[in-house]
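Visitor: Chains as they are written, first to last, in the UniProt record's numbering: chain Z, 1 to 112; chain R, 1 to 186.
Source of the hints: derived by calculation from the structure; they are not laboratory data.
This one's a predicted model, so the numbers in the text were calculated from it and none came from an experiment.
Just so it is clear, CB atoms sit at the ideal spot from N, CA and C, and this is done for glycine as well.
Treat each hint with caution, since some may be false.
To be verified - Not the full set, but computed from the structure, chain R residues with beta-carbon under 7 angstroms of chain Z:
id, residue
1, L31
2, G32
3, W33
4, Q60
5, H63
6, E71
7, I132
8, N135
9, G146
10, T149
To be verified - Some chain Z residues flagged as far from chain R (calculated, every beta-carbon gap over 12 angstroms):
id, residue
11, E2
12, E13
13, R14
14, Y18
15, R24
16, K47
17, G112
Claimed, not checked - Quick look at which bits of chain Z chain R covers, simulated, 3 or more residues with Cβ under 8 angstroms:
id, region
18, 25-31
19, 98-105
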Amino acid sequence: MEISDENFRVWAERNQVYFDGVFRLAGPDAYAPIYSLISGLLHEGHKQVTFNLTGLEFLNSSGINLLAKLTIEARKMGDLLLVIKGTNQYPWQAKSLPNLKKLHPLIDLRLG
Amino acid sequence: MTPTVYGKESLAGISLGSATRLTLSDGPLQLGWKHSGMTADFIAEVMALPYSRSRKDYTQAHHDIGYLSNELIENAVKFRQPGEILIEAGIFDGAFLIRVKNTIDGVTSSRFQQLLHRLQSKDPGELLLEQIETNAISATSGSGLGLLTLLSDYDAKMAWAFEENNDQRIILTTTAAVAMPPSSNL
Numbered sequence: 001m002e003i004s005d006e007n008f009r010v011w012a013e014r015n016q017v018y019f020d021g022v023f024r025l026a027g028p029d030a031y032a033p034i035y036s037l038i039s040g041l042l043h044e045g046h047k048q049v050t051f052n053l054t055g056l057e058f059l060n061s062s063g064i065n066l067l068a069k070l071t072i073e074a075r076k077m078g079d080l081l082l083v084i085k086g087t088n089q090y091p092w093q094a095k096s097l098p099n100l101k102k103l104h105p106l107i108d109l110r111l112g
Numbered sequence: 001m002t003p004t005v006y007g008k009e010s011l012a013g014i015s016l017g018s019a020t021r022l023t024l025s026d027g028p029l030q031l032g033w034k035h036s037g038m039t040a041d042f043i044a045e046v047m048a049l050p051y052s053r054s055r056k057d058y059t060q061a062h063h064d065i066g067y068l069s070n071e072l073i074e075n076a077v078k079f080r081q082p083g084e085i086l087i088e089a090g091i092f093d094g095a096f097l098i099r100v101k102n103t104i105d106g107v108t109s110s111r112f113q114q115l116l117h118r119l120q121s122k123d124p125g126e127l128l129l130e131q132i133e134t135n136a137i138s139a140t141s142g143s144g145l146g147l148l149t150l151l152s153d154y155d156a157k158m159a160w161a162f163e164e165n166n167d168q169r170i171i172l173t174t175t176a177a178v179a180m181p182p183s184s185n186l
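In isolation and in its complexed conformation, chain Z is listed as follows (with noise of 0.2 angstroms):
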């Protein structure tokens, strides 16, 4: 399972979820089949799921939002731990990561 283009790619193993490279794609349409993705591995019956995101370089604003709407999902199952690693390599991830603990208090995020 992986979708990707000459800037990104987006991969599943077993439990985790792995971002790499810059998204910069045009709105929520356009990360559809990303959403899809993942949020079909949310619903496989793990216990717990990981999204790595210590590859993901760059993620514009809709980018953001399929990362919220994944939390949202998670939220709504409630017993599902949703595991988010960063990166404080990546300025982005310590600015905007931190509303997904927002959103879902029982996430947990670990910016290493």
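With chain Z's structure known, arrange chain R on it following the hints.
Guide: Same frame as chain Z, now just chain R:
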């Protein structure tokens, strides 16, 4: 006609005479979505150079300039009426300033002004979370998060001027500023 201004009025009136000026024109280039990212990357490469003495400052400056420029230019590309997009950018008094000018139609203008009205009475951080919750339950064509993330996560200062044109179109001028790291060799 006097333009209708929202946001920080002093920013709308500031002169960017010594700024770098770029024009994205329609024509052989077939101006499209990809040009917003390319142009934002170019502006970030050029404008972050004075911060290259410190790796941390450079990364911060390059990213903040890139994100701000990308969101403004994406909006211009997405909502513009046929015609050029004029971009002015520069570092002034320790802040990166960018001004983007393009024409939009009446419907886009009124929808946008409604959002700006809401911004006048609410905290952008609160509005950002509200907008995210709304987007999660409705299928909208735009996420509407660009300006809200800039105001809330980047502490950007912004101003919007709407000026009516003769032909029913509206000239929208967006000016935005973000603080840069204190050390530079400017």
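Visitor: Of the hints given before, which are not true for this structure?
Guide: 1, 2, 15
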